[in-house]
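Please work from the sequences and hints to get the whole structure.
Residue numbering for the sequence shown is 1 to 147, as defined by this note's numbering.
Since the hints were made in silico from the structure, they are not lab data.
Possibly wrong hints are sitting among the right ones.
Stated by the list, open to error - Okay, the calculated beta carbon distance ranges per label pair:
{"hint": "1", "residue 1": "Ile113", "residue 2": "Tyr66", "range": "28 to 38 Å"}
{"hint": "2", "residue 1": "Asp138", "residue 2": "Asp7", "range": "11 to 21 Å"}
{"hint": "3", "residue 1": "Glu125", "residue 2": "Asn54", "range": "40 to 50 Å"}
{"hint": "4", "residue 1": "Ser45", "residue 2": "Met73", "range": "21 to 31 Å"}
{"hint": "5", "residue 1": "Lys93", "residue 2": "Lys19", "range": "33 to 43 Å"}
{"hint": "6", "residue 1": "Thr116", "residue 2": "Lys85", "range": "23 to 33 Å"}
{"hint": "7", "residue 1": "Ser117", "residue 2": "Gly62", "range": "53 to 63 Å"}
{"hint": "8", "residue 1": "Lys10", "residue 2": "Thr39", "range": "16 to 26 Å"}
{"hint": "9", "residue 1": "Gln16", "residue 2": "Thr116", "range": "28 to 38 Å"}
{"hint": "10", "residue 1": "Met111", "residue 2": "Ser45", "range": "24 to 34 Å"}
None of the values given here were measured: they were computed from a predicted structure.
Quick reminder that beta carbons are idealized off the backbone N, C-alpha and C, glycines included.
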Amino acid sequence: MAATLSDKKKKAYREQFNKFDKNKDKKISKDELRSLLKTVGRHPSDAALQKVMNDVDKDKSGFIEYNEFEMMMIKIDAEIEKRLKATFNQYDKDKSGFITLDELQAAYEDMGIESTSDEVKQELERADVNADGKLNFDEFKKLFGRI
Numbered sequence: 001m002a003a004t005l006s007d008k009k010k011k012a013y014r015e016q017f018n019k020f021d022k023n024k025d026k027k028i029s030k031d032e033l034r035s036l037l038k039t040v041g042r043h044p045s046d047a048a049l050q051k052v053m054n055d056v057d058k059d060k061s062g063f064i065e066y067n068e069f070e071m072m073m074i075k076i077d078a079e080i081e082k083r084l085k086a087t088f089n090q091y092d093k094d095k096s097g098f099i100t101l102d103e104l105q106a107a108y109e110d111m112g113i114e115s116t117s118d119e120v121k122q123e124l125e126r127a128d129v130n131a132d133g134k135l136n137f138d139e140f141k142k143l144f145g146r147i
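Right, dumping it as structure tokens:
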């Protein structure tokens, strides 16, 4: 699975790993994992943290080495992609495969994002890479997912 990662994604994963490997021993400890999870808004109990360690630490070394970290990140990214696709489909009311300005405005309203019509139009124009006046899924991901 790692062979299909883009160079950009591999570099991002390596940078993230290095960021959380505080003592630079090329592995992430349980405490370092706790810090990592806190950065994404998770505050697991000790039991939940141990479960994550057990699930990710495939070689049972008590640490997460880079290859295990990479596999964890691939799974996280896949879950994010799945959720973004479900959100995209939810707001693609006419099932055209695109989010129009009206659909984006409705999405912002549903999400509680206060924006004027002009602000939503500007957001759409910024994300609309191919300038067709609507967002395909890749453009939507960049706008909402940042993955």
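Evaluation of the provided hints:
1. Ile113 / Tyr66: 28 to 38 Å: holds (37 Å)
2. Asp138 / Asp7: 11 to 21 Å: holds (18 Å)
3. Glu125 / Asn54: 40 to 50 Å: Holds, since Glu125 and Asn54 (Cβ atoms, about 47 Å apart) stay within the stated range.
4. Ser45 / Met73: 21 to 31 Å: holds (23 Å)
5. Lys93 / Lys19: 33 to 43 Å: Given range 33 to 43 Å: holds, Cβ gap about 40 Å.
6. Thr116 / Lys85: 23 to 33 Å: holds (28 Å)
7. Ser117 / Gly62: 53 to 63 Å: For Ser117 and Gly62 the Cβ distance comes to about 55 Å; the hint holds.
8. Lys10 / Thr39: 16 to 26 Å: Hint holds: Cβ distance 20 Å, inside 16 to 26 Å.
9. Gln16 / Thr116: 28 to 38 Å: The hinted range 28 to 38 Å holds for Gln16 and Thr116, with Cβ atoms some 36 Å apart.
10. Met111 / Ser45: 24 to 34 Å: For Ser45 against Met111, whose Cβ atoms are near 29 Å apart, the range 24 to 34 Å holds.
The structure agrees with every numbered hint stated previously.
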